[in-house]
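> For reference, the chains in residue letters:
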Amino acid sequence: MEEIKVGLEVHVQLVTLRTKLFCSCSSDYRGKPPNVNICPVCTGLPGSMPTLNRKAVEEALKVVLMLNAKPYETSYFFRKTYFYPDLPKNFQITQYDKAGGYPLAHDGSLKLSNGKTVRIERIHLEEDPGRIYYEGSRATARYSLIDYNRSGIALIEIVTAPDMSSPEEARDFVERLTTILSDVGINVKDYEGALRVDVNVSYAGGERVEVKNVTGAASVEKAIVYEMFRQKTMYEKGIKVVRETRAWDEKRRITIASRGKEFEAEYRYMPEPDLPPVTVTESLVQKVKDEIGGSQENRYRELINDGINEELAKKISSDKDLFNIYEKIKFYEPSLKQLAANVLANEISYLKKRYSIKTLPEDVSGLAEILQNYRVIPDHESVVAYLKKWMEGEKVKVSLKTVSAENLHDDIMQIISENYDKIKNLEYNKKFEFLMGILIKKFGKDNKKILVEELTKVLNKTK
Amino acid sequence: MNLEGYTLQLILKEIENGSLSPEDINEFYYKRSVDLNRVLNAYITLLEPEKSRAEGDLKGIAIAIKDNISTKGVRTTCASKMLENYIPPYDATAVSSLKKHGGSLLGKTNMDEFAMGSSGENSAFGPTRNPLNREYVTGGSSSGSAAAVAADMAPIALGSDTGGSVRAPASFTGIVGFKPSYGAISRYGLIAYANSLEVIGILGKSVDDVNILFKMIAGKDPMDSTSVNVELKEKNISKPKILVIKSFVELSADEVKKEFYSSIGKLESAGFEINYADKFSLTDYMLSAYYTIACAEASTNLSRYDGIRYGPKVESAGNWRDYISRARSFFGPEVKARIMMGTFILSAGYYETYYLRALQLRKIIKQEFEKIISNYDAVYVPTMPVLPWRIGNAIEDPKIAYAADVLTVLPNLTGSPAISLPVGKVREFFVGGQFIGLKNEDMKLLKVAEIAEKVLQVKRSGRN
Numbered sequence: 001m002e003e004i005k006v007g008l009e010v011h012v013q014l015v016t017l018r019t020k021l022f023c024s025c026s027s028d029y030r031g032k033p034p035n036v037n038i039c040p041v042c043t044g045l046p047g048s049m050p051t052l053n054r055k056a057v058e059e060a061l062k063v064v065l066m067l068n069a070k071p072y073e074t075s076y077f078f079r080k081t082y083f084y085p086d087l088p089k090n091f092q093i094t095q096y097d098k099a100g101g102y103p104l105a106h107d108g109s110l111k112l113s114n115g116k117t118v119r120i121e122r123i124h125l126e127e128d129p130g131r132i133y134y135e136g137s138r139a140t141a142r143y144s145l146i147d148y149n150r151s152g153i154a155l156i157e158i159v160t161a162p163d164m165s166s167p168e169e170a171r172d173f174v175e176r177l178t179t180i181l182s183d184v185g186i187n188v189k190d191y192e193g194a195l196r197v198d199v200n201v202s203y204a205g206g207e208r209v210e211v212k213n214v215t216g217a218a219s220v221e222k223a224i225v226y227e228m229f230r231q232k233t234m235y236e237k238g239i240k241v242v243r244e245t246r247a248w249d250e251k252r253r254i255t256i257a258s259r260g261k262e263f264e265a266e267y268r269y270m271p272e273p274d275l276p277p278v279t280v281t282e283s284l285v286q287k288v289k290d291e292i293g294g295s296q297e298n299r300y301r302e303l304i305n306d307g308i309n310e311e312l313a314k315k316i317s318s319d320k321d322l323f324n325i326y327e328k329i330k331f332y333e334p335s336l337k338q339l340a341a342n343v344l345a346n347e348i349s350y351l352k353k354r355y356s357i358k359t360l361p362e363d364v365s366g367l368a369e370i371l372q373n374y375r376v377i378p379d380h381e382s383v384v385a386y387l388k389k390w391m392e393g394e395k396v397k398v399s400l401k402t403v404s405a406e407n408l409h410d411d412i413m414q415i416i417s418e419n420y421d422k423i424k425n426l427e428y429n430k431k432f433e434f435l436m437g438i439l440i441k442k443f444g445k446d447n448k449k450i451l452v453e454e455l456t457k458v459l460n461k462t463k
Numbered sequence: 001m002n003l004e005g006y007t008l009q010l011i012l013k014e015i016e017n018g019s020l021s022p023e024d025i026n027e028f029y030y031k032r033s034v035d036l037n038r039v040l041n042a043y044i045t046l047l048e049p050e051k052s053r054a055e056g057d058l059k060g061i062a063i064a065i066k067d068n069i070s071t072k073g074v075r076t077t078c079a080s081k082m083l084e085n086y087i088p089p090y091d092a093t094a095v096s097s098l099k100k101h102g103g104s105l106l107g108k109t110n111m112d113e114f115a116m117g118s119s120g121e122n123s124a125f126g127p128t129r130n131p132l133n134r135e136y137v138t139g140g141s142s143s144g145s146a147a148a149v150a151a152d153m154a155p156i157a158l159g160s161d162t163g164g165s166v167r168a169p170a171s172f173t174g175i176v177g178f179k180p181s182y183g184a185i186s187r188y189g190l191i192a193y194a195n196s197l198e199v200i201g202i203l204g205k206s207v208d209d210v211n212i213l214f215k216m217i218a219g220k221d222p223m224d225s226t227s228v229n230v231e232l233k234e235k236n237i238s239k240p241k242i243l244v245i246k247s248f249v250e251l252s253a254d255e256v257k258k259e260f261y262s263s264i265g266k267l268e269s270a271g272f273e274i275n276y277a278d279k280f281s282l283t284d285y286m287l288s289a290y291y292t293i294a295c296a297e298a299s300t301n302l303s304r305y306d307g308i309r310y311g312p313k314v315e316s317a318g319n320w321r322d323y324i325s326r327a328r329s330f331f332g333p334e335v336k337a338r339i340m341m342g343t344f345i346l347s348a349g350y351y352e353t354y355y356l357r358a359l360q361l362r363k364i365i366k367q368e369f370e371k372i373i374s375n376y377d378a379v380y381v382p383t384m385p386v387l388p389w390r391i392g393n394a395i396e397d398p399k400i401a402y403a404a405d406v407l408t409v410l411p412n413l414t415g416s417p418a419i420s421l422p423v424g425k426v427r428e429f430f431v432g433g434q435f436i437g438l439k440n441e442d443m444k445l446l447k448v449a450e451i452a453e454k455v456l457q458v459k460r461s462g463r464n
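Protein chains in written order, with this note's numbering: chain A, 1 to 463; chain B, 1 to 464.
Hints in this document: simulated from the structure, not taken from any laboratory. It cannot be assumed that every hint is accurate.
Pairs of lysine to aspartate or glutamate residues, derived as DMTMM-like cross-links and limited to a Cα-Cα distance of at most 25 Å, are as follows [stated by the list, open to error]:
no., chain 1, residue 1, chain 2, residue 2
1, B, 313, A, 86
2, A, 430, A, 410
3, B, 336, A, 86
4, B, 336, A, 266
5, A, 80, B, 368
6, A, 431, A, 421
7, B, 363, A, 97
8, B, 313, A, 135
9, A, 98, B, 352
10, B, 313, A, 97
11, B, 81, A, 86
12, A, 289, A, 427
13, B, 363, A, 73
14, B, 72, A, 147
15, A, 98, A, 28
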């Protein structure tokens, strides 16, 4: 196969911010009625002026440092002019690296799973536009409706060099980036549309084609696969691939030529006169460094030191939330840590994704209950059901109505052998009472009947 | 009751000693404005006086506000068809400051559309007429604010000054026009024409009047990152040291020149120390730098007018491009011209040639100006190189029309404070003289102007 070159422009919403980039409107727009989080600034009313949310600079710097990029001491905001209904000022306030401008940071890198390093050219801050809604479909809707709740949400754009040479590498890049983001608390997976990618693909040294607005790592891979074969087909037919902008159609899984590509080259960038330059001092960088101290690297090391295997450690360390739960369980009952690691990396991590549970409960006593009884819960389905209950914040009490005689036999034998010294000289009734106490504690009163039956059987055999 | 010729200072004194009530005052200005507006067209919107109490520093007095300054619940048109029915949901910071000081709103004044113009003729609501001679222009772009103050239709007014828009009409109507340092008054709510050049200014009957109002609305505003706290303490100067730039004076018409030089003589005999510089080496580049920057900024500032969230209803045209071109047809010709120039200036390939060069020029102009002014209290030059012209005798060649701004753009490029006051008289008109100070030394400049005003004592008919 001929060589392809892929470069990405990844737009990430700074979901950890409570307010927008240039005004104090709430940034919590998902699931809200249209146009409730708006003000003169984010709707571009005449006379309104942007003021920079300094916290956004700090959050962006966390990502900058995690990606080994270098912040500029002074960077500038620019106006990028294009007319579009979701852009209330008809220019976007962004940062620019030409025309005397400097972005927030430059020259970073990210290492892929296969060891290859992808260069990051620059990282800059900018505002999100609003959203256009069509009732029904775009073709049949009588009106284009605009919701400005998203307008002015803080974004960072991460621009890579064209260093990826397969769809899988691009996917891996996005996945690894997602992990790094969650490492500094930016859990883009929990927020729909919080990570959007513009993909640049060129086949066999041809012109680059930009595919705009691809959401999520899997779609990035699919879009590149499609584009690769589209360009390949053209190449083989001798049709020249032109430099153009295309859109990713998530439903049909194809890229389509965008209208309005002609204003691409002409954004008429100019410095934003209402905003002073962004200054990043050494002390600010140090402050941010301190904040991100608990990095994935550190978490991974701790898990390995605990004797957790590499695969599990990798999975748990990549999600701050999973790691926090692991630590709590370890504190609660150290002997449960290995089991906890297993369950966290597998069942809990799966359930989190499957039911889009954003944060795990603070209280881990329910989880400890499940783990303590893990061996006697008769089937995997029940384990999963208990875990889900805990993850949804409900009280968990493991009851073993369905505990099976077969498994019980082994458990009883183990208990007897563990306590052999204590019971060897007891008479039958006392022995029975003593062992029953342990069994009830472990399997619950609900199972008393079967416990009595099985214990009787065992004791009668060993009599 | 007749308040003709009353200064704000006098009105406040009369309220304090009980001889006037704010109701009477507001009623007087309102009624007089209703009468005179038919001929002068100074107001786009006049508000019936509300009950007010003599509270705060402004004691309930109603003030005229230029129609590019946002006023909550009161339409703010920028004298454009584009904003004919636009009612802002918020007050500009300067307006809320006035309200906090007990001021209220008398009306919204006419202007050149989006503050683009030097004559007051480029208004979708018709030209403002000069109270000194109704056949003549008032100067612009704060034309209505100047006419209202000059014709006693308001005790004082807010305007805005991007390249002389407060000082030019003040000069043409024989009143005082103050352009503070860049950032001294918050621009939040001032509908932007050229952000890096403009500032809200004050038009009044005396230097004291603008001083009073300035201190109420100046100061850093969290909503405007470019705003600053300038020192507001009164300054003491006994013998102002003044620098006259001869090349500026030489650009003026003979009758302007003559009056201006005669004012220098009066100032000198009153103890002003007058110094002369032959020329300001960058005189020839000031207008080019100014118009390049102003048009570039304007073209992006005005891109938001698309008829979606506010503005005139645009008949649906099917596609976005068609829609946007219809929506933007509501701009007047001067506005369209400047948007097109700005769009060109910012286009790929021209940005470096024009815009970046203009920014560099501006930097050099600023450095040179700061160097020459450092030894003086103020620079003194005429405000306008010409006297008011007849309405309709619009100067066809924009290069000549824009040249009317040649003496006023310097302080906008440097961010310096400047104040125009009447310094001489030609027939029914006045010649305005302009003092320019060092950035953020507004109080020193006001002091110089106050002393000059006392020395020159330019009388006008019907004025105390």
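> Run every hint past the structure and note whether it holds.
Outcome of the hint check:
no. : hint          : in the structure
1   : B/313 - A/86  : holds (18 Å)
2   : A/430 - A/410 : holds (21 Å)
3   : B/336 - A/86  : holds (23 Å)
4   : B/336 - A/266 : holds (19 Å)
5   : A/80 - B/368  : violated (32 Å)
6   : A/431 - A/421 : holds (11 Å)
7   : B/363 - A/97  : holds (21 Å)
8   : B/313 - A/135 : holds (22 Å)
9   : A/98 - B/352  : holds (11 Å)
10  : B/313 - A/97  : violated (39 Å)
11  : B/81 - A/86   : holds (23 Å)
12  : A/289 - A/427 : violated (66 Å)
13  : B/363 - A/73  : holds (22 Å)
14  : B/72 - A/147  : holds (23 Å)
15  : A/98 - A/28   : violated (33 Å)
Comparing the model with each earlier hint shows violations of hints 5, 10, 12 and 15; every other hint is respected.
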